[in-house]
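Q: Protein chains in written order, with the working numbering: chain G, 1 to 92; chain U, 101 to 192; chain B, 201 to 292; chain S, 301 to 372; chain D, 401 to 472; chain P, 501 to 572.
There could be a bad hint or two in this list.
What the hints assert, rightly or not - List of simulated lysine to aspartate or glutamate pairs, DMTMM-like, C-alpha gap at most 25 Å:
| id | chain 1 | residue 1 | chain 2 | residue 2 |
| --- | --- | --- | --- | --- |
| 1 | G | Lys47 | P | Glu561 |
| 2 | S | Lys350 | U | Glu178 |
| 3 | P | Lys507 | B | Glu225 |
| 4 | G | Lys35 | P | Asp527 |
| 5 | D | Lys450 | G | Asp31 |
| 6 | B | Lys218 | B | Asp231 |
| 7 | S | Lys332 | P | Asp523 |
| 8 | S | Lys350 | D | Asp427 |
Everything labelled a hint here was simulated from the structure, so no lab data went into it. Predicted model only: the values in this text are computed from it and were never measured.
Letter by letter, the chains look like this.
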Amino acid sequence: MSFLGFGGGQPQLSSTQKIQAAEAELDLITDMFNKLVDNCHQKCINKQYNEGGLDKTESNCLDRCVAKYFETNVKVGENMQQFGQGFQPGRQ
Amino acid sequence: MSFLGFGGGQPQLSSTQKIQAAEAELDLITDMFNKLVDNCHQKCINKQYNEGGLDKTESNCLDRCVAKYFETNVKVGENMQQFGQGFQPGRQ
Amino acid sequence: MSFLGFGGGQPQLSSTQKIQAAEAELDLITDMFNKLVDNCHQKCINKQYNEGGLDKTESNCLDRCVAKYFETNVKVGENMQQFGQGFQPGRQ
Amino acid sequence: VEQKQMKDFMRLYSNLVERCFSDCVNDFTSSKLSNKELSCVQKCSEKFLKHSERVGQRFQEQNAAMAQNLGR
Amino acid sequence: VEQKQMKDFMRLYSNLVERCFSDCVNDFTSSKLSNKELSCVQKCSEKFLKHSERVGQRFQEQNAAMAQNLGR
Amino acid sequence: VEQKQMKDFMRLYSNLVERCFSDCVNDFTSSKLSNKELSCVQKCSEKFLKHSERVGQRFQEQNAAMAQNLGR
Numbered sequence: 001m002s003f004l005g006f007g008g009g010q011p012q013l014s015s016t017q018k019i020q021a022a023e024a025e026l027d028l029i030t031d032m033f034n035k036l037v038d039n040c041h042q043k044c045i046n047k048q049y050n051e052g053g054l055d056k057t058e059s060n061c062l063d064r065c066v067a068k069y070f071e072t073n074v075k076v077g078e079n080m081q082q083f084g085q086g087f088q089p090g091r092q
Numbered sequence: 101m102s103f104l105g106f107g108g109g110q111p112q113l114s115s116t117q118k119i120q121a122a123e124a125e126l127d128l129i130t131d132m133f134n135k136l137v138d139n140c141h142q143k144c145i146n147k148q149y150n151e152g153g154l155d156k157t158e159s160n161c162l163d164r165c166v167a168k169y170f171e172t173n174v175k176v177g178e179n180m181q182q183f184g185q186g187f188q189p190g191r192q
Numbered sequence: 201m202s203f204l205g206f207g208g209g210q211p212q213l214s215s216t217q218k219i220q221a222a223e224a225e226l227d228l229i230t231d232m233f234n235k236l237v238d239n240c241h242q243k244c245i246n247k248q249y250n251e252g253g254l255d256k257t258e259s260n261c262l263d264r265c266v267a268k269y270f271e272t273n274v275k276v277g278e279n280m281q282q283f284g285q286g287f288q289p290g291r292q
Numbered sequence: 301v302e303q304k305q306m307k308d309f310m311r312l313y314s315n316l317v318e319r320c321f322s323d324c325v326n327d328f329t330s331s332k333l334s335n336k337e338l339s340c341v342q343k344c345s346e347k348f349l350k351h352s353e354r355v356g357q358r359f360q361e362q363n364a365a366m367a368q369n370l371g372r
Numbered sequence: 401v402e403q404k405q406m407k408d409f410m411r412l413y414s415n416l417v418e419r420c421f422s423d424c425v426n427d428f429t430s431s432k433l434s435n436k437e438l439s440c441v442q443k444c445s446e447k448f449l450k451h452s453e454r455v456g457q458r459f460q461e462q463n464a465a466m467a468q469n470l471g472r
Numbered sequence: 501v502e503q504k505q506m507k508d509f510m511r512l513y514s515n516l517v518e519r520c521f522s523d524c525v526n527d528f529t530s531s532k533l534s535n536k537e538l539s540c541v542q543k544c545s546e547k548f549l550k551h552s553e554r555v556g557q558r559f560q561e562q563n564a565a566m567a568q569n570l571g572r
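Modelling step: build the complete structure from the supplied sequences, incorporating the hints.
A: This is the structure we're talking about:
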């Protein structure tokens, strides 16, 4: 339950807070998975639909697409930590 | 409450489960309706906005768009049943 | 809590209803903010990403984009009140 | 259910603003809507409401027809 | 969790319909799907399911690898 | 409210990843980000955060101005 490496600096959460954090993390993972499916479909899948199977080019593209999405995810996390100390997106 | 023909093979759900299934189905219908509105807007509506009313071409297009969306919905359901026996989208 | 000017004609809501209305309004504001971020990004931000900062053109564009989004929001609200008396989007 | 209607209405409203802003507003040299943009937003929102209404009617008809086919 | 799976399945279903409709159906001179559109919808949905399955497998592998790197 | 902030943060994060992946990563002959892609992702995320911050500030100002006009 530390998919993004969060949680390290929060030693004394109550069990309710832990459950809420776990739920929020699961929602994030689901959300990320759905975005991954959409993005890699857009970048890798031939929209002609001449056949129902994945061809070699599409399969390879998908594997690399997932790998690069994860790497992007890690990099963005690092950038946010560096850049965003105390950052507020300005919401009410 | 059997919009998609689900439910036929589930004879012994508790009433709580029935309510949850009904809520899930209502959410799906709402979601599908919103997607229908978006898709048919994109396919049928002239974005010049020279007038506020729907002209004949747009109205006809919308009626057929909804009919085809439903037919697509049924076909996809049939395909999923044929193809997807035991299919898991791979989520955790 | 009357962001859209709603609420004026509803003198006798229970406190539960008031809380629900406030929550619905907060969700709407969050939703609108997220759409604002997306729309103004699309209209104002140079996707070449030659630099990490906002240049003068982008900053000016963003300020005007937010102002015009709010004005559009007000106009649409007025149109809906004029046009949509008794209007039903046709959902079940 | 009332709360759901409220949510649906707000979603419709928010989608309407987004769509008409996206389709009608493209000049950011001023912070005020031009007359051309104003007119576009007005027609766009009127058209979108009529659009939603028509799609909603057809949706209910199709839904009813499908329910009948399923024999309930 | 069961309810969550139900919701995930329905979301998959709804996304699948939208994607294949959007990619395959573009002729609105008739209110019935043409044979060409039907064939496209069928291949599109088969391909989308295989696509989701493959992305899901890779996702789990990457997730597991990342968990190991974090030393848990 | 704290839970809401958490959710908002996660949504921002997830949108940021999607946007910068979509705009910066287009070569799938390798499974590692190239230096060019890495640099793009970095600038894209920095720019997106500054963008959100500025839009957020203007949003609050407009919201406050609107509240005042409504006379509350």
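Q: All hints, please: hold or fail.
A: Results of checking the hints against the structure:
1. G:Lys47 <-> P:Glu561: violated, 44 Å
2. S:Lys350 <-> U:Glu178: violated, 33 Å
3. P:Lys507 <-> B:Glu225: Given pair P:Lys507, B:Glu225 holds - Cα atoms ~17 Å apart, limit 25 Å.
4. G:Lys35 <-> P:Asp527: holds, 18 Å
5. D:Lys450 <-> G:Asp31: holds, 20 Å
6. B:Lys218 <-> B:Asp231: holds, 20 Å
7. S:Lys332 <-> P:Asp523: Not OK: S:Lys332 and P:Asp523 at ~30 Å, beyond 25 Å, violated.
8. S:Lys350 <-> D:Asp427: Holds, at roughly 22 Å.
Violated hints, listed in ascending order, are 1, 2, 7; each of the other numbered hints is respected by the structure.
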